[in-house]
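**Student:** Here is how the chains run, residue by residue.
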Amino acid sequence: MSTKTARWIFYIGTLISLALFLVLTVDTHRQIQTLTHADRLSEQVVAGKRVWQKYNCNDCHTILGFGSYYAPDMTKVYWRRGSEGIKAVIRSPETFTTWRKMPRLPLTDKELENLVAFLQWTSEIDNQGWPPQDQKLRAGAGQAVALGVSPGAALYQAKGCFACHRLYEAGGGAGPDLTHVGSRLSYETIERILTDPRSGNPEATMPTPPLSHEERYQVGHFLAGLK
Amino acid sequence: MPLAYPSQRVAYPYFVVALLLFVLQVIVGIWLALSYALTIPQWLVDLLPFSTTRAVHTNLLVLWLLLGFMGSTYFMAPEETEREIYSPTLAYIQLLLLVGTGVTALAGFVFGWTKGKPLLEIPFPLDYLVVVGALIFLFNVGMTILRARQWTVIQGSLFGGLVFLAVMYLFNLPFYANLSIDWYYWWWVIHLWVEGAWELVAAALTAWILIKITNVPRATVEKWLYVELGLFLFTGIAGTGHHYYWLGAPSYWLWVGGIFSALEPVPILLMLADAWHYLRNRRSEIKGRLVFTYAVGMAILHFVGAGVWGFAHTLPQINYYTHGSQITVAHGHLAFFGAYVLLNLTFFYYAMPKLKGLTLFNERRGNIAFWWLSITMSVMTLAFSVAGVLQTHIERIMGLGYMTAQAQMRLSFAILAVLGVVFLGGVLLTVVDLMTLRPGPSAKEAA
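These protein sequences, in sequence, are chains C and B. If you count the first sequence from 1, position 198 lands on 198 in this note's numbering, and the numbers rise without skipping. Convert by adding 1000 to the 1-based position in the second sequence; the result is the number in this note's numbering.
Just chain B, same shape as in the assembly (with noise of 0.2 Å):
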């Protein structure tokens, strides 16, 4: 079967080498495990520090997932405003631009080269190239969305949490010479991007592939995607507060910010009942059950991860001892495999068949693929949260040194290295699957 618009095309090499990066972050993962639960010697950190390694962790994890929802947005622009990407050739020049500057920035680390500040580390002047790159892509969804002038709610999110997005990076790039409002301004970026501009992102590619695969009417779809999308808004833009507890901000913080941020599982509840609503109640049936499962998956582990995980330690009366500790990283690892690393795969296996000019393909690898990342980085994430409550335990409730602490932690990381690579099997066979998708049986077969 081929693209409905040959210039869908342009999202193929956004999804290779965003896959490709995933990779690396994994690999990247499982040397910061091994940092914690081994003993690295005195030379090997002088040259190559803990901080270097982790820089690159996140930044590729941030490229990668970018990378993954711009190719995304050129897959679906073409079908949802029924027009032809506006300049493909504009495309490629920015993946070329992004990608050449993020590689940039990686080796730059490695040789001590960073703005210093964690997740946002890309230094002056490649920040300001990361801007030229948002500001092609957007000018060129912007323009395929204003030339084809079919207005619909789905494009707005889309465009709007684009444009959101790339606004919020603005706030990283001045110097703060006062720590507090560093950091106050830093959030700005960091959870207005995941709990703001990302989730429109998020809301409205999923609600066009549950369009796409169960032909459950678009109005349902866009009239629920205004409640969420509202909901979003209102818990996440005022939540940003429980990041504001214990940075030197006004106690007024405390109030709003655990208020609203313990109502921001309630959006992505009433996502996950949606797309469970849809998926019963679809008119046609669905062809390749692969998306399906990524798509439940997905809304699954985005509620338990970021909502479950996330209100575990929101409030300030628990806060208080869990700030800063490896209870974060338990919530950060699997709020961002479930709501946005299953999105983007959710997504991929949608296009990547299409894109290939196949109606079915082979699932098999797929699913067990599935099974394996979802399984291995759930239990993950039940490692950090023991090694996060053993330290909320011995350094802030008994008051015993962070190094003590630390040692009866080790534990939990060396089994988190072992499921580190573990995971990287399952993102290994994810990739060769997604690359060398064979066509398929029948679906019948298939499910």
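Looking at chain C on its own, in the form it has when it is part of the complex (with noise of 0.2 Å):
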């Protein structure tokens, strides 16, 4: 081969990897609009973002995938916690975890909120269904909220109970499995330790969930009805 020959390769080689990659980011910008939803791309989601950065959140975290593999991934940790599981590990991560930590973090409420209002954002990503481990849990979530299409089974999800109990194969393992808890413990049982937490039993690390009044008497129905 002769040198002219290798310059060549060189251009050609380049200009036509370039052109590739410069014509698919074009493109790229165009749809990922639509993927990333932009249009509910919202003020509270931006300034969300900037708390995400502030706080130096993704040092620990990764979020689709990317930063530091310390800490799970936040990409749809949305449905996993929903806005209030979310609030509460952050209020008092040290009731959360057990042998590795997460600081507690000054946030105001204002911040939190625009966290949460980012963390729901970026749940709602188009991303070709990663991370495996949550297309996983929400398939089974689906199934198990489908049980009973009623307040007590969205708000087991919204306030973040998938956590750490499990349901029908769906959610976290720090809590006992939920999936026949009605046939164990009575309404007026369930009712008692959703109020406290400690009240069965007094080693329990769970913390009190927030639940008005009424959202106690329907998540209490709810998982009392799961025979």
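It should be emphasised that the hints constitute simulated quantities derived from the structure, not laboratory data. Only a predicted model underlies this, so the values are computations on that prediction, with no experimental measurement involved. A couple of the hints might just be wrong.
Claimed, not checked - Partial list, computed: chain B residues near chain C (C-beta under 8 Å):
1. Pro1002
2. Leu1003
3. Pro1088
4. Thr1089
5. Thr1114
6. Gly1116
7. Pro1174
8. Asn1178
9. Tyr1245
Unchecked claim - Every beta carbon over 12 Å from chain B, so not counted as near; a handful from chain C, in silico:
10. Ala38
11. Leu64
12. Lys101
13. Pro176
14. Tyr187
15. Thr189
16. Thr195
17. Ser199
18. Pro202
19. Met206
20. Pro207
21. Thr208
22. Arg216
Where is the CB? At the ideal position from N, CA and C, for every residue including glycine.
Two independent chains are provided; combine them into the complex using the hints.
**Tutor:** Okay, here's the thing in structure tokens:
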């Protein structure tokens, strides 16, 4: 091979790749508006992204799989914990962690609301169904919630109960599996535990769920019906 | 033996600072492994969270590698252009500016002053000072090349790579409201650095050293350099797509990223074959075997770390399960070590004796340190890989919780903390050796 040929390989190889890359970049800009629901990118969501950066969340957690690998991925955390669940962890991380800790961060209430809005928006990004574990959880949760389309089931998901309690193969493993909880506990006992988690077991690490009287009634009946 | 050009001396402080930052980087790395293996008390996590120390670890890496490249460029430019550096004073000012900015940024991280973007945490306005430092550097090197008017492919590759590097950093400056677009351009910095701009710099520095130690005709080396660069850029630019699978970009990136990045090992393999070919067909006896050992070690571990470990999880069918896991960490460590740490150390071992006026130096400690570092980093990569496979299987495939997987990975990290201490020993030996090179016996005895 002559130097001239080698030079042509360099120019042609580089230019082909560059041209392809730039054309696809332009097209990606067009399509990403739909794929990320850019119309829902409200001021609050953008403010939430700034909170995410301000507290350097991304150097422990991944998001879209990027960042540091020290803590769970945040892409679909909204599915797993719901808005109240996310807030509860950030307000008192020490009650949710055991041997690997999360720092207590001084977020204001407004910052917390913005951050949740950002994470909700993120969870709606159409990203080829990644990550696999959350896709699996969602499929299971959909099935579990569909068992009784009730306000209680919706609250179970929205308040982040899935974070610790399993229902039909979906959800975390920190607390007991609640798939057949209705056959073990009566409505009254469940209602008492929801009011004060330590009433049944003084050693329980479960935080008091952020439920109103009415909501406690709904969730209690949903759970008591799981026989 | 005095330096061919007195202004090459500006490289020396660059090398010294780079080596000290390398030591610091490894010390912080040990703490990171311990943070995975042990339970750090809540008060300490509140005071110095993992996010801060991780930012320090990665920024130190980038800072010392870049300072090493810059020092190497200043060392090489006069010999390559047959001209003194345009302004040695400017080179010292640039070093002070970049080190000052870097140290301020690192201290700032501890107090929560950050841009909050992984690897690119340096906040405004310090990021603009980095740009100023880069511009001073490009001006100084550019003027040296321009005044010499002796165009060579090596100069082109080196200067082209440095300009490419600086331009890509600009994509980090704006605030992106859309998270997906933010990560899209984040990779223009990170990927197009390590699989684009830095490869050009690395190829130029390696080609230059190979000409120096083997006396293989420049025309042959430069011809193959063209082919390598063409292949690096052909696979590397569109290969950026292998980061675009899961961030909310269109699905054609699965094809483009998969195909182009699967070809990325080819130019590295060619580089390895080239180095091997030149060393076998050298026209002069290699004076001092250590630089030779380093150059071959770099070519091999560059291929294993970047090529093999990269290919292992680059196809979308696999990456769906491994993305954002410790598999990435395993690849990252061996690729950076093989491609860029060893490149810097190769260059330091070539240049340092000359900066100290030595023709031959005692290579015994340097040889021990090379094997010590390379073996330890290879074992570390295996430990990260074990952790990564466990994580992928337990968390991604079985769908058990994140912490369930992490619990099974604790042993790997305990081992990694120990390996980190061993690695630190090798780094200290390297630094002490480079700083106190002694005149050596004949080359024959050293071999």
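**Student:** Given Pro1002(B) as an interface hint, is the shortest Cβ-Cβ distance to chain C below 8 Å?
**Tutor:** The hint is violated - Pro1002(B) has no Cβ within 8 Å of chain C, the shortest such distance being about 34 Å.
**Student:** Would you assess whether Thr195(C), listed as outside the interface, keeps its beta-carbon beyond 12 Å of every beta-carbon in chain B?
**Tutor:** Holds, since 27 Å exceeds 12 Å.
**Student:** Decide, holds or violated, for the assertion that all CB atoms of chain B are farther than 12 Å from the CB of Tyr187(C).
**Tutor:** Holds, since 29 Å exceeds 12 Å.
**Student:** Is it correct that the beta-carbon of Thr189(C) has no partner in chain B closer than or equal to 12 Å?
**Tutor:** Fine: 26 Å to the nearest Cβ keeps Thr189(C) off the interface.
**Student:** Evaluate the condition: distance from the CB of Met206(C) to the nearest CB of chain B exceeds 12 Å.
**Tutor:** The assertion about Met206(C) holds, with a minimum of 16 Å to chain B.
**Student:** When you look at the beta carbon of Arg216(C), is every beta carbon of chain B farther off than 12 Å?
**Tutor:** Given a closest Cβ separation of 26 Å, the condition holds.
**Student:** Mind checking the CB of Pro1174(B) against every CB in chain C and telling me if the closest is under 8 Å?
**Tutor:** violated (13 Å)
**Student:** Taking C-beta pairs only, is Lys101(C) more than 12 Å away from all of chain B?
**Tutor:** violated (4 Å)
**Student:** Holds or violated: the hint that Gly1116(B) contacts chain C, with Cβ atoms closer than 8 Å.
**Tutor:** Nearest chain C Cβ about 3 Å off; hint holds.
**Student:** Answer holds if the nearest beta-carbon of chain C is closer than 8 Å to that of Leu1003(B); otherwise answer violated.
**Tutor:** violated (31 Å)
**Student:** When the nearest CB of chain C is found for Thr1114(B), is that gap smaller than 8 Å?
**Tutor:** With a minimum Cβ separation of about 5 Å from chain C (threshold 8 Å), the hint on Thr1114(B) holds.
**Student:** Under 8 Å, Cβ to Cβ, is where Asn1178(B) needs to be relative to chain C, so tell me if that hint holds or is violated.
**Tutor:** holds (6 Å)
Violated hints for the displayed structure, listed by number in ascending order: 1, 2, 3, 4, 7, 10, 11 and 12.
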